[in-house]
Amino acid sequence: LISSSSMNFPEDPTSPEIITNNSLEWQGISYDVKRRNLFGKKLETKRILDSVSGSACPGQLVAIMGPSGSGKTTLLDILADRVSSGKIDGTISVNKRPRSTVSFRAVSAYVSQEDSLVGSFTVLETLRQSARLALPKSVDAGERERRVQHAIDMMGLRSCENVLIGDVFRKGVSGGQKRRVSVAIELLKEPSILLLDEPTSGLDSAAAFNIMEYLKKLAAEDQCTVVVTIHQPSSDIWSSLSKVCFLAKGNVVYFDTPDRVPEYFAEVGYPVPPYTNPAEHVLNLTNTDFPGHGDVEGLIERYRKEPRAPTCQMQLLLADTVSTPGGGESGGQPVLLSEKEIWKT
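Quick note: the sequence shown uses UniProt numbering, first residue 1, plus one each step.
Among the hints, erroneous ones may be present.
What the hints assert, rightly or not - With a straight-line cut-off of 20 Å between C-alpha atoms, the simulated EDC-like cross-links for lysine to aspartate or glutamate are:
| # | residue 1 | residue 2 |
| --- | --- | --- |
| 1 | K96 | E125 |
| 2 | K171 | D204 |
| 3 | K305 | E263 |
| 4 | K305 | D236 |
| 5 | K96 | D81 |
| 6 | K305 | D81 |
| 7 | K249 | D32 |
| 8 | K46 | D115 |
| 9 | K34 | D50 |
| 10 | K171 | E161 |
| 11 | K46 | E297 |
To be verified - Distance windows between CB atoms, simulated:
| # | residue 1 | residue 2 | range |
| --- | --- | --- | --- |
| 12 | F169 | R302 | 52 to 58 Å |
| 13 | G298 | K137 | 55 to 61 Å |
| 14 | S174 | E221 | 42 to 48 Å |
| 15 | R128 | H293 | 20 to 26 Å |
| 16 | E297 | R36 | 39 to 45 Å |
Since the hints were derived computationally from the structure, they do not count as laboratory data. Think of the CB as a built atom: it goes at the ideal place given N, C-alpha and C, for glycine as much as any other residue.
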């Protein structure tokens with residue numbers, strides 16, 4: 001259970017006092033799940049993430065990358081507090097203080113990989129209905145409409161606001177516009193932390209670039225902390241990122257700014273070839289499903305010896321604490337995430 005009884009939060013969870021300029025940091029995140037063996041008789045433990053650390057600061061667009069099965073979506077789900085099974089070790093902090101579910105969800109938003117939209121609604125109708133359902137009663141009709149119009153402008157949807165979303169039976173907006181509508185729905189909450197799972201998946205290069213440009217604009221103009229998972233960014237998208245986190249086999253092999261990738265991988269013996277997208281180079285190195293990959297274990301060990309994960313230096317604005325119920329073994333005192341076991345078998 002989550003408790004914030006010892007903290008002083010504003011009565012209105014949408015108060016600017018707690019939803020602006022929030023950094024997100026994670027230290028030593030490990031994630032284990034239990035699964036049955038081949039004969040289904042014995043439970044075995046599988047480690048999905050192993051001591052993963054990083055940070056995302058206000059105004060930054062941070063990308064988590066890696067080959068399929070590297071753990072990038074799992075990490076994003078843990079950061080978004082969407083994992084309800086398995087064992088999680090490590091700490092997750094908002095503005096240097098432990099994250100709690102109640103206050104974190106008041107300041108954050110999550111956009112899944114799949115678009116869940118009603119095809120018979122227009123873009124404007126979709127956003128207005130979402131505002132009615134998602135925003136608290138303390139937000140009046142005028143403020144709801146202001147947020148709807150702001151989200152339309154931020155996501156570049158003005159030209160298609162009266163176009164149907166569409167489905168298999170009727171033509172509607174494009175795939176890229178649907179993704180922007182999904183993001184716009186979450187912007188209605190005016191989150192200070194936005195997490196997106198593969199927002200460019202299934203889009204052509206132009207649509208993918210436009211989505212990432214809008215996210216970069218959102219981070220810069222609203223000082224929003226944006227974290228995305230992305231499979232294979234183009235050179236244009238790569239250059240727009242603030243920081244990148246490369247995962248391999250559930251471990252970090254690099255976390256720093258994109259422009260330092262060539263320097264770092266040259267130091268470890270894998271220089272980026274001329275005229276090659278650095279992201280593609282690292283993904284090829286870390287994809288062990290095919291021949292030609294690098295020494296992934298060596299890359300993991302090298303990064304552990306020389307970590308380059310910058311943290312956010314800023315004032316503490318948000319007080320969050322993960323705790324157990326008052327009648328629990330800890331007497332209601334704060335409990336570190338490393339003590340939280342949520343096995344489900």
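Hints, verified against the model:
1. Note on K96 and E125: the hinted pairing is violated, with a Cα-Cα distance of about 39 Å set against a maximum of 20 Å.
2. This hinted pair checks out: K171 and D204 have alpha carbons roughly 18 Å apart, not beyond 20 Å.
3. Note on K305 and E263: the hinted pairing holds, with a Cα-Cα distance of about 17 Å set against a maximum of 20 Å.
4. Taking the CA atoms of K305 and D236, the gap is about 31 Å. The hint is violated against a cut of 20 Å.
5. Between K96 and D81, the direct Cα distance comes to roughly 17 Å. Compliance with the 20 Å bound is thereby established for this hinted pair.
6. Taking the CA atoms of K305 and D81, the gap is near 29 Å; set against the 20 Å cutoff, the hint is violated.
7. Using a Cα cut-off of 20 Å, the hinted pair K249 and D32 holds, with the two alpha carbons roughly 13 Å apart.
8. With a CA separation close to 30 Å, the supplied pair K46 and D115 exceeds the 20 Å bound.
9. For the hint linking K34 to D50, the alpha-carbon distance of about 15 Å falls within 20 Å, and the restraint holds.
10. Using a Cα cut-off of 20 Å, the hinted pair K171 and E161 holds, with the two alpha carbons roughly 15 Å apart.
11. Only pairs whose Cα atoms come within 20 Å are accepted, and K46 paired with E297 is accepted, the gap being roughly 17 Å.
12. Our hint of 52 to 58 Å for F169 and R302 holds, since their Cβ atoms are close to 54 Å apart.
13. Look at G298 against K137: about 56 Å separates their beta carbons, and that is inside 55 to 61 Å.
14. Taking the beta carbon of each, S174 and E221 are about 24 Å apart, not inside 42 to 48 Å as hinted.
15. Between R128 and H293 the beta carbons are some 49 Å apart, a value that contradicts the proposed interval 20 to 26 Å.
16. Taking 39 to 45 Å as the suggested C-beta distance range, the pair E297 and R36 does not conform, at roughly 27 Å.
The structure fails hints 1, 4, 6, 8, 14, 15, 16 (numbered hints given earlier, in ascending order).
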